[in-house]
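Assemble the complex: chain A is given as a structure, and chain B with the ligand must be docked to it using the hints.
Those protein sequences? They're chains A and B, same order as listed.
Sequential numbering from 31 applies to the first sequence in our numbering.
Sequential numbering from 209 applies to the second sequence in our numbering.
Just so you know, the hints here were simulated from the structure itself, not pulled from any lab data.
Heads up, a few of these hints could be off.
[Said to hold, decoys possible] Computed beta-carbon distance windows for the label pairs:
id : chain 1 : residue 1 : chain 2 : residue 2 : range
1  : A       : Thr-253   : B       : Met-434   : 57 to 63 Å
2  : A       : Gln-63    : B       : Ala-253   : 44 to 50 Å
3  : B       : Ile-432   : A       : Ala-149   : 40 to 46 Å
4  : A       : Ala-213   : B       : Met-434   : 45 to 51 Å
We put the beta carbon where it would ideally sit given N, CA and C, even for glycine.
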Amino acid sequence: MRSVWKFFSSVKLAIVLLILITLASVLGTLVPQGRPAADYAARYGGWAGLFQTLQLTRLYSSGWYLALLVLFALNLVVCTVVRFGAKWRKAFGPAPATDPRALVSAKIKSQFRLSLPLAASGDRIRAALRAARYRTADSGDANRAVLHARKRRLGYFGSDIVHLGLLVILAGGFTSGLGGRRAEIGLLEGEAADVPNASFRVRLDKFETEYYPKGGVKDWKSTLTVLENGAPVLTRVVEVNHPLTYRGVSFYQASYGWDWQRSSVELEVRKRADASFSKTVSLKLGERASVSDPDITAVSIRQFVPDFVRGEGGKVQSRSQEPRNPAAFVEAWKGEERVFAGWIFAKFPDFGPGHQGGTSPLAFVLKRYQAAPFSVLEAAKDPGVGLIWAGCLLVVAGLFLAFYWPPREITVVLEDSQGKVEVTAAGHAAKARETFASEFETMFEHVRRPS
Amino acid sequence: MTEPTLFTAAFALYVAALVVYSASIFARRDKWAKAGFVLAVAGFAGHTAALVLRTVASGHAPFTNMYESLSFLSWSVVLALIVFSRSSLAPRLAPYLMLITVALVALASSPLMPKDATPLVPALQSYWLWLHVSVTLLGEAFFAVAFVASLIFLWADSAEKKERLDALAYRAVAVGFPLFTLGGLVFGMVWAYRAWGRYWGWDPKEVWSLITWFVFALYLHTRIVMGWKGKRSAVIAIVGFLAALFTYFGVNYILAGLHSYA
Ligand code: HEM
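One chain only, chain A, in its complex shape:
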């Protein structure tokens, strides 16, 4: 037990761990993380298996990386605790016994005589120290007084507060990792859905995309209503960077799209032989719409893709959700006989068998297409965030204390010598010695020659 404690109280271990964690983190940015196994096989060939065994492919959640973080945390706790007692005594404990000879060897010091009685000299120096916001403590005897003054004592604990903050952040990270839940909810306008891992529902009242005047998406706005037992309790607009939080679940605007599987289109039907013939019909995907003409009684749309592309083996796919190259697979019927079947492109009306100059006696124009927009919201429950923000505050406050609140210590010895008082003052500061030295100097200059 003792040797374990000793092991973790070493700062050398901290240095080793910092280096190891840094190197491991670098490695994780060189190997892509969390891809499918096939990607690794293609990229690293025979090495892929080894990479997976060593968990390099999900390094930041691997057992060994987490183990390093745990060792780091233990090291941090032990190191901080071990030093804490001594620091506390230094900052708040009784003044240490003073050896006047030690004062003389201090780098920041002042020696002079005052033609005042011992008590009055002490008062004057004490007043000067207090004016400079030092707290003073007295000791000594009848003909020798010792003043011990300290200020900014919190500064001693800057590093401890940083370390505590880091531990709180690590705890928050583990809490998030273990207790965090996230799920995507896709909703059409007017639709409601259960929120995973929660006892309430949300409904999307409205979904809007705002554009800049010159194009480009400015924002997505989802108007969400929270439903408890079917009753609305709260309505809020969720935008990117403006999530809604309700009972520990936060809703983020994550993505959007269109319900192309239920598109409706407007189709113009023409005949090559008869330029005056034109009929426009509106229909939904899968529906058959009547054209009431002897040559063509009805049309139907079998498939609709917003961003047409032919994939492997000529298979039709949609490259994206955006309507960049909308296309409909149109079928035309004469009674039960199919007289036309082919792709019609909204943006390329002169393409395919069904266009005006094509080979088929019938021609089609995809005049309009429409699908309901839907919003994708990320519902996230993260029990660790409170700890994270608390830890961040501690770290930042501790850094400020560690670097900008340097503690200062002054010891003054006053000794009676032939009716005068011999004063020896010495200052001690681990940091920012230059500014301390100048404060020290002006203060004692003033004590010697009060203006």
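For chain B with the ligand alone, kept in the frame of chain A given last:
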């Protein structure tokens, strides 16, 4: 004056400052160093005006594309130079800091960098982003000072000068480290949380910020608890600044991630 004119004027003044400062290395005249400083401050004033004009014109803080963030980083380096100008070592450091500034401004002005203030995609419309980028870049500018002081340390031959360079590098880290922690890590996490619902996602840019932070934590600890000073400290500070540079440039161009817009 328009923003591009001011920016070009600042560029010209920085180049002039670099030339005059470089002359001061060889001439070893205080006069040259003083003139260099005056030119740098004049350039800084013009640069500040350019940044303000751009902010007013685009309606958002100027940190949204590579041109803008390079411009702000170079501005921060000059600011750090001004902050440390009272140090007796400032004239020694200034030529190299000016060299970094001119390199950054030249890169920002290169035709490869799109300069138009583009409309912001939704994720970037957040004041946390402004805080995140500005405070991080300020912190990195102070790391640049530590970097230059450490490089000169490695070349310097007088022990007395080495000691002062070592102390100056530490003071620069003491400013840069809290700023980088606040901007790079804390504000970055807050922004990510607001935008994506997660404060940390192990994306390469995030990890490299953490790596940079670890290297400077190593710098502080080896110094204060193991008493490392001088050469070893200087090497760590140099590695730390290079990690910061890689976070800034390398991740975008070499590793792919979420952060690829800036
Ligand atoms: C990345 C993680 C860490 C950070 C950011 C950090 C931060 C700090 C800071 C800012 C200081 C004050 C430095 C100064 O005043 O110049 C400090 C001091 C110190 N740190 Fe850490 N620390 C970390 C990890 C650790 C670990 C794991 C240990 C475990 C042994 C440790 C042990 C110490 C010690 C012993 C001191 C000196 C304390 C004093 O007397 O003030 N640190 N740390």
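Going through the hints against the structure:
no., hint, in the structure
1, Thr-253(A) / Met-434(B): 57 to 63 Å, "holds (58 Å)"
2, Gln-63(A) / Ala-253(B): 44 to 50 Å, "holds (46 Å)"
3, Ile-432(B) / Ala-149(A): 40 to 46 Å, "holds (41 Å)"
4, Ala-213(A) / Met-434(B): 45 to 51 Å, "holds (48 Å)"
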